[in-house]
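**Q** Protein sequences appear in the order of chains A and B.
Under my numbering, the first residue of the first sequence is numbered 276, with each subsequent residue one higher.
Under my numbering, the first residue of the second sequence is numbered 1085, with each subsequent residue one higher.
Source of the hints: derived by calculation from the structure; they are not laboratory data.
Glycine included, C-beta positions come from ideal geometry on N, C-alpha and C.
Some hints here could point you the wrong way.
[What the hints assert, rightly or not] Derived Cβ-Cβ restraints for the label pairs, each shown as a range: (1) B:L1127 <-> A:I398: 50 to 60 Å; (2) A:E401 <-> B:L1262: 28 to 38 Å; (3) A:R285 <-> B:L1326: 13 to 23 Å; (4) B:S1144 <-> A:E401: 14 to 24 Å; (5) A:G399 <-> B:A1333: 35 to 45 Å; (6) B:P1322 <-> A:R285: 15 to 25 Å; (7) B:A1156 <-> A:R376: 34 to 44 Å.
[To be verified] Derived list of chain A stretches under chain B, where covered just means 3 residues or more per stretch with a C-beta under 8 Å from a C-beta of chain B: (8) 293-305; (9) 331-344; (10) 370-384; (11) 403-414.
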Amino acid sequence: MAEDPGWFRRLVVVCVIAAVALPAVRDRDSFPLSTYPVYASARGRVATINTAVGYDAAGTMHRLSLSAIADTDDPLIAESAVARAVATGRADELCKEIARRTSSAVTRIEVVEERHDIVAWTIGDESLRGRTVHAECEAGP
Amino acid sequence: MSVLRRVDTWMFAPAPAERLAVLRILTGLVVVGYLVVRYPAFLSLTDASPSRFEPVGVLSWLDRPFPDPLYAVLIVANVGCGVAFVTGLWFRWIGPIFALLLLVVTTYRSSWGQLLYFENLMVIHVAIIGLGRSADALVPGRRKRSAQPPISSRYGWPVRLAAVVTVLTYVLAGIAKLRVGGSDWMTGDTLRNHVAYSAARIGLLGGSYSPLARPLAENGWVLAPVAVATVLIELVAPVALLGGRIRTAWVAATWLLHLGIAATMFVVFPYPLLGVAFAPLFRAERVVDRRRGEPGLRTPGTR
Chain A
276 MAEDPGWFRR LVVVCVIAAV ALPAVRDRDS FPLSTYPVYA SARGRVATIN
326 TAVGYDAAGT MHRLSLSAIA DTDDPLIAES AVARAVATGR ADELCKEIAR
376 RTSSAVTRIE VVEERHDIVA WTIGDESLRG RTVHAECEAG P
Chain B
1085 MSVLRRVDTW MFAPAPAERL AVLRILTGLV VVGYLVVRYP AFLSLTDASP
1135 SRFEPVGVLS WLDRPFPDPL YAVLIVANVG CGVAFVTGLW FRWIGPIFAL
1185 LLLVVTTYRS SWGQLLYFEN LMVIHVAIIG LGRSADALVP GRRKRSAQPP
1235 ISSRYGWPVR LAAVVTVLTY VLAGIAKLRV GGSDWMTGDT LRNHVAYSAA
1285 RIGLLGGSYS PLARPLAENG WVLAPVAVAT VLIELVAPVA LLGGRIRTAW
1335 VAATWLLHLG IAATMFVVFP YPLLGVAFAP LFRAERVVDR RRGEPGLRTP
1385 GTR
């Protein structure tokens, strides 16, 4: 004769499945219960990416590293950190943080919003469609 | 037999204690490895500006970040409990504590303005396993003292629940693509643009992007059928619960999907890529049965 799992185990099963499915019903993303919207958007060719760049004494632009920009190795976190700083008016604060983390070859930092044709960028063609500087600060010793 | 009754019979089918125990060991090993490898990334949050802190989930009540030493202790304690979790020792306490610590540590990591999606399924699986009777077998020294536990639904239902959660997360991801992206996600250049965006984002933020991004951006037509396949794989995930070849085919397709994401976008989902996310869909005890030279126990839906 099959053993009866009892009402408690059945209730646990129903509650866990409902909890995992609920974010999709409520359209509310969180952690660890999520709507799993990663890569869900219908992305177009032109995108805005927030980043930070450095300039040396000769005025040549240098791309900074992920660790210099946001003290991370994850581009998702780095992009989010810069975008949040720009959106909340803390770009100057972030600029100074980046300046403390950059090498001595760089003398000036810019926190920027760049608009690119991302397919053109990936192929190596001219891609820049717009650029806004949100903060600028001195770097180096 | 009514549908509800069939579902109930499937969910609470008896299983050997080893099935749940193997799942405990596999999940525990992956989590401990993940926490150790990503320790610098977790710990780097102690240097993050408090202004970035936006608590989510179970930590949404916090009004400021943890003190740095507390967070470091939580991570180390999580690793320590993870080792005990793998062994199965003191599991009545260690199971729930490990699950709770993992929930707190990973929720904290997602509380800095960017929800991360690499850890969701892992955290839910650990909660299910940690609260189940997952250490009634494959515990050092235990066999000498007690007899082999009989097969029982108490070992089967947490595995089945973990399997349902796995497929459900993929269904939700498929629904999200249709809801947010619409049919354009499958019919347009969306996937090519996602690959290009990942490359551009990493490049503009000073990182190294996939060498596959450029040829794929140049030949976007290659990705058009992949986009359709991606959404289909996600939406039909429940077929994996049927077991047999259809399950194996779905798991293989989903694993290849993750491999493709890792290769083209440099976005690594370690839990499915290492295969552990799919372990509840199989008779995981066969790993130990093979070592002992015994055939695995077959229960409905686990052919």
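**Q** Let me make sure I understand: some of the numbered hints might not hold for this structure. Which ones are they, in numerical order?
**A** Hint check: 1, 4, 7, 10, 11 fail, others pass.
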